Every structure is written in C-alpha cells, then in structure tokens.
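Please build the complex by placing chain B on the supplied structure of chain A, with the hints as guidance.
So the chains spell out like this:
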Amino acid sequence: MEYIELLAPAGDLERLKIALLYGADAIYIGGEKFSLRANAKNFSLEDIKEAVSYAHSLNKKVYVAVNILFHNEDLEGLEDYLIELDKIGVDAVIASDIVVVKLINELNLSYEIHVSTQASNLNYESVNFWKKLNVKRVVLARESSKENTKLIKEKTNVDLECFVHGAMCTSISGKCVLSNYTTNRDSNRGGCAQICRWTFSLDDFDKPFTIMPKDLNMIENIKSMIDIGVNSFKVEGRMRSIYYIATVILMYRTLIDKILDGTITKGYERYALNILNRCANRDSVSQFYNSLPGKDEQYFLDRDEASNQDFLGLVLEYDEEKGLAKIEQRNYFKLGDDVEIFGPKTDTFSYKIHTIYNEDKESVDIARHPKMVCYINCPKKVIENDMMRIKIFDKNMFL
Amino acid sequence: MLRKMIRNKTILLVSNKSFIDNAKEVGINTFLFPFKGFSVGFDETFELDDIKEENSYLYINRALENNDINNLKEILSNVKNIKGVFFEDIGLIPVLENTKLEKIIFAHHLTTNYKSINYYLEYVDSLVISTDITEEEIKEILDNANKPLGIFSFGMIPLMYSRRKLLSNFNEFYERENKNSEVVLEPVTKEKFKFVENEYGTVSYLNKHYNNLNFRNDNVSFYLINPLELNENNLNLVFDAFLNNKELKLDNITLTDGFLHKKTIAKLPPKEGAR
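Heads up: the sequence lines are chains A and B, in that order.
Counting from 292, one number per residue, gives the positions in the first sequence under this note's numbering.
Counting from 935, one number per residue, gives the positions in the second sequence under this note's numbering.
All the pointers check out, no bait thrown in.
What the simulated footprint calls covered on chain B by chain A, stretch by stretch (three residues with Cβ under 8 angstroms from a Cβ of chain A suffice, anywhere in the stretch; the number is not a length):
id, stretch
1, 1023 to 1030
2, 1037 to 1046
3, 1068 to 1081
4, 1106 to 1118
Simulated from the structure, these hints should not be mistaken for laboratory data.
Just so we're clear, the structure is a prediction, and the values are computed from it rather than from any experiment.
Note that the Cβ used here is the ideal one computed from N, Cα and C, for glycine as well.
Bound-form chain B, shown alone:
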C-alpha cells in the first residue's frame, strides 16, 4: 500500500525517452519533459507532439527573455496534452494564470526557507524544495509549508547556468572540435563537473548523483527523480532502492548526499592570530 502511494507520488524527469517504459514497469506514471526550445542542460528535449503520456508536465528551466515569454503565452494557452508546468522563471506565473495548467516552481537554489516558500505558494500550486539545504531544513520547511511540496530525490544537480556558450567559446579559441558536453576536473579539490551546452547557454553539473531516495515525509506531494547520465541498469537500481527503501549502489556512478548532512557557510571564521 505504501509502495503504491509512493509510486503515485513519483515523477520521472525524462532525460531519455526509452526510460518511460522502465518507469511504467514499476508503476511510475507521471513524467516531466524538458521542453524543446525552453530548457537547458539536457541532451534530449521534447516537443509537444512527442509527449503522449497521460500524466505529463513540461519543464521550462532556461532564462526567458521577452520574446520567449510572448511565444510561451501562445503555446501554453493552446496546449492540450499537459497537466502542468515546472518552471524557474517567475515571469511564467502571470503567463500560466490564464491557463488551467498546474504551476510548480522548480528552481534548485531559490526555495530555501519556509517563509519564502509560503509566499510563492500564494501564486503556484506547489514547488520543489531546494537541494542546497540540510535534511533538517527540509523537514522544517515541510512542517511549516502551507501546502504539500516536492522533493528532489535523485539526480545530477545543476550548479551553474551561464547564458554563454562556454564549450563553444573555449573550443573556438583553441580551434578544437566542438562538443556539446565535457567533463572537467578542478585540480585542487578534485571535484569533477559536467558541462552541457545548447544554443541557450551552458549548464554545469556536479559529476555525482545526489541521493535522497530514502527520504519520506507525509507532507511531500511528489518525489522527483532525474535519471540524467544513467544507463538502463542503473535506472532500475534507482527505482528498486527508491520503492523498496533500500541502500543504493550504482555501477560507475558516484553518489553524494550534497548538503543533507552538512551546512554551507557564508561568513568565514576569523584567521588564527588575526587581530
């Protein structure tokens, strides 16, 4: 019964269309599609005609200029096969007000405290809690939010979004063959980052997968899984761990719990010996 409830609350971000069947096999039937022309950081994106699933949402995560807003007003007022939109840019709030679509804010770095979240909830149906905060902070938000909220349960986290085409610019400078994705190493901390570029800019991901699959809370309205960079085998392991509340181990994938158990700092402590 609990597993069925969890399945009904799970949304798969579709980074690979073939994964839809894997999801359905385990009873996950709600999907979030990166919208072609209006998303960044994904190799595979989708036009409206590509979307056939009954419980489908659009993901719009790129910076929207005036022309984009005007285009989306037209598109979203006529859309038929979509239940709602996950978005970052708050300019979409008034755009979606005139439609019957669900409005869900999905901005990894914006939704970090319960007061702001409650203010945003005056305008939207739900939102995804930030991945920049601790588990305790997430619980406190859920306890104090005016509506049930979404949790980002698994996947690569976008760390930076530049409007520049960082890979193209670099490769053009050095006259290298261009690629639209690249893994780089930071030599001091040894962290790796994956850069993914399209015509709307460049997203940099941590080259590890955030794992919060075992988090459960009665005030969660949905759990979001992003299978970007997973193969089919690993995806099935993720589903198994998630639905059966098991520990996760993946092949050739490094996991991270992000800041779930570690706070970030803003102000540096004074240096030793400093006056």
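Bound-form chain A, shown alone:
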C-alpha cells in the first residue's frame, strides 16, 4: 500500500506538539514571512528549528508554507529564506508561485516541493507540469471529485494531498481577490478578510444574499480516498485552537487506523461526525467529492458563530493514589458538571465532577479563572495533555 499520512495544521509550537501527540504524521506551518496566514502568530526560524527537532524526534515531518503569490518587493529575501529552511532540515516547502518551485530547483535544496491548493490543480496535465519541475506532491483543488482525483493519480503517479476537514473557500483557492477590493487586504499574500462569509443585499429581496459554504468533512469517504491513491489527508486550520486540533486529529487518526485494520463501522463514523461538527460549531459535508454541491452545502440564513465553550481543561498530571487529576482550566466548570476526558492514548470516558481543589488545595465550587490550575476527582488514569470537555454525547448511542 502507498504511503498514507495524516497532516495537521499548527499555528504555533503548542499546537504543533498537540497535533503530533494526538496522532498526526506530519505538520504544516507558516513562517513569519511568505505564508498565507500573515496575521497568525507564525513561526520564527528559531521556532521552525525547534519544531523540526521535536517532530523528527518522533519520526514525523514538518512542511513549511511559502505559499503566497509574490509581488516584486516580496522577492527580496526569498532565496535566503529557502536556504535557511534547508539548513534547518524541514521536510518540504509548500509553494503556490512558480518562482518558489524554480528557485528550490536552481539552488538544489534538499527538501521536497509540494504545490499548494492555491495553484488550483484539477487535471493531470497541470499536475504533470509540476512533476517535471521535481514537485513531489500536489495538493489538489478542493473542487476535485472522486473520479477526477482517481484519474489524476493514475496518469501522474504524483503524491496527492487532499483536504479532508475544515473550512472551505467559496472561490476556487487562488482565484479570489474579494478581500483586496473590499478591505485592501490581499488574499493571495496572507491578508484574506473572508469576505465570502459576509452578507450582501439585493435590491429586490429582503433576505441577505450569502455565498458561504459549510465546512468540509470526509469522514465517510476516507476509505474511498485511500483506495484511489490519495497519500496525505490534510486538516485545515493553522489558526484553530488546541482543542479543535486535538479533537479533529484524534478522530481522523482513529478512523484511518480502523480503516486500515478493517474495524471501521458506520456507527463510529456517525459518532465521529457528531463530535467534529460540535467542536467546529458549523455543519460539515463532503462538498465536491461525490457530486457538485448545491444549496444544502451552503448557509443562507444569518448565523451566529459563537465560539465553542466545550473545552474545559488540559490535563497536567494525575495522582493515582488520590484519584485526582491536575487540570489547567480553559473554560468555566463547576461541581456537578458531567464531563469527559479524551486523549491520544486515553479511551474517552465520562463522569461527574464532585471535587474541585484550587492550587492551594482549598475546596472550591467553581473553576472560574482562565488557566487556573486545579485538582478534580477523576476515576481513571489520565496523562499529561489529555483534554477535558463537557460531556457531549454518550458514545454508546452510536456504537
């Protein structure tokens, strides 16, 4: 079987470590320059060095996005940056602009070249064009159907990477400058203001005109994607929280492993879908994979996107003798709450909180302060970096 990889986003070192712990095989990040999330915290060269060292210690990989479309002035420093990334030992650079691909070739740098979804590749001839430039992997446009993807693989034998989860653009990636003309923020250089999520008005209709798509999820299609030869399953969201990343990566890791060992069930897929939709606060669908999306794959009524408050705390330690978990609070919780704990090596379990101590070991009713350290009763062993959330569903309903 071909190489299969679960690829996670990471906006900073904490997210990177969580993603790798929760089961990603590789991470993609952006540097402080040349990446399409210009307003995220991003990674300095020192951070990238640390990220690569950590990932390689786990036998995992780091890809760096150098994926803007360059203006003349942006070219300054590009060569030096690409050379620095080579010295650090990153595993690949993700590029949209031909100048990056060509320079990597001319400079004879050792990492792989991956071409971004921003290059809008939807056919085998464009993929072969890049292949001739020593591109090892192409991230297909999200508009590629199952049959289209299968044929691209057959005719090119290039590694294919496809998005499986997360936010969608309304536009074909790389072909949108709505943000440029509405806010002066350049969507192809990292400043996108997501105008496709705004509402517009029509002269002759009282409802807002919207073009916002639902999110993508490919839970029910992972096996099919493996069968047609997709190599890397990419989760969107370099600016997402550690809770989102942990939840999504763990779900897809479990799905992929269950598919590969033949134990996947429809019940587990349904459970995964419910967990994932809840943590993103948006509906998600398979979009273009099986057919052209219609009205059911978009939002039309005004939506309030309240941030998800399910994530309650991060496990720091566990005292087996006392049955107490040391938790760093991430959202308000109190005595009597039904919670569940999950982790990369911890089967999800749920229980009721009946004891909370603050850091001074004083009994309290509520953990109300952001990032306060507290101790709570916990009936099973948990480990550092496990996460606690509101009990959402009873897993047994689905399995």
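Then chain B, alone, in the frame of chain A:
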C-alpha cells in the same frame, strides 16, 4: 503613426458580437473570443464556427478537469481559424505544445512579479500582467521581463471564481425565480459586485470598470480591452479615449483605477495599545 501602432497592438475581448464592427471602424482587428463550453463569466460565448475574423484568439478561463483537458486536446489539434489561446489553467501548456497556436497566459491574479513571469515565459509566448498590482510594479515587470507582455487596459475584473452555482443555489433555497446574473451590495463598504453564473460556476466582478487606458510602454506587446457591460455608445467613448489618449468619462458606468496607485496589504499593523 503612433495611433496605428496602438491599434495594431489592441485586442478586443468580444463580449458582444456586434462590437466587432465598432472595433473595425477604429482600426482594431484582433479579437479574443470566450470559448463556449470552456469559459465562465460571460453571457455571450462562441463556438469555433462562430469565429470568422482573421486575427482571432480563444479565451479559456474556467477550471479544467481531466475530461475537459481530453476534449481540448482533440479540439485544439484540429483548429484552423484561430491564431492562439489565452488561458488560465497551466494544464493547457502541454496541450498547446503540440499545436502551432500561440500560448498566452491570462490569469488576473497569477502574474504579479517579474521572476515568476519570466519563468512562465519559458513555456508560453506571452502573458497578461496582473491587475492586482500598482503601476510602478507593472513598469518594473515590463522593464525586467524577457519578452514583451500584455496589459489589461480596460474592463470589469473578475474578483472571485467559484465552481458552485451561487445564484442558483440561493434562488433555489428561497424558491425565487432564477437569474444567471445579479448585482449585490456589500452594506458596510458599499461596494457592489456583479455575479454571473453558468453551468461551470459563478464569477463575481467588481461592479466598476478598471481603467488603465492611458498606460503606454514600449515593452507592451498588446493592450486588452474588455467591453463587458458596456453599451455601444460607451464602447465608442472607450475607443476614443484609448486611441487618442484622452480622459475617459462614461454614461452610468463607475470607473476605478484598481490598485494602480494603491498597494494592497497583507499583514495588518499592530493595534494601538497592543502589547
């Protein structure tokens, strides 16, 4: 003499077949036809049999899947009445290599720096410089390009291209009569956008016309005019302004110079008072 040179370097994108005669009257004889079945964002598109002009090019601007590439391989290997193809999808580069057709990249948002342009010029005969950049950036590109390039001189700029049928989906949801084009208003910035849909997707245009008609440079190989949404009177005013290097004023049309004199930003400045 200069006017004749300019005319010889001008290409009219044919959004309305009747405009061909207007163009010929002022000495413009080169035309770019949105190719039926392979273009988006146009109400009027053309099959090969519709194209009778001697200096004609095809415009292929939609996302091409495998089947489309296979169809185009057959069509373009047999075409007789076309000089070349303007295209967005680089998958057409190898397709056109096996033909005698001129290859010209026309991707509004891709051709934004001179190094990338020179790399693309290793594979194509020319390309149209992006409309997302300033006049200074355009000049710098022209000074550093290895071949003469095209300039988008006038017309509506496509801001977004979705594979979804955004108008149909909206109208179906609200059980409204469907239209294939619609003007919408963004209420905060007051910008208007025109959405145009066909079976291959939806293009959103800025509801203003980009005006760079007075730009001239020795390294320009052609000037492209897109008369989409113009009436005949306005088209003639555009030709007059262009050929005589005059200021342009149109009836009921808002003009914009886009980013010719204003840079876009990518990284937001830090907020005041932020630590």
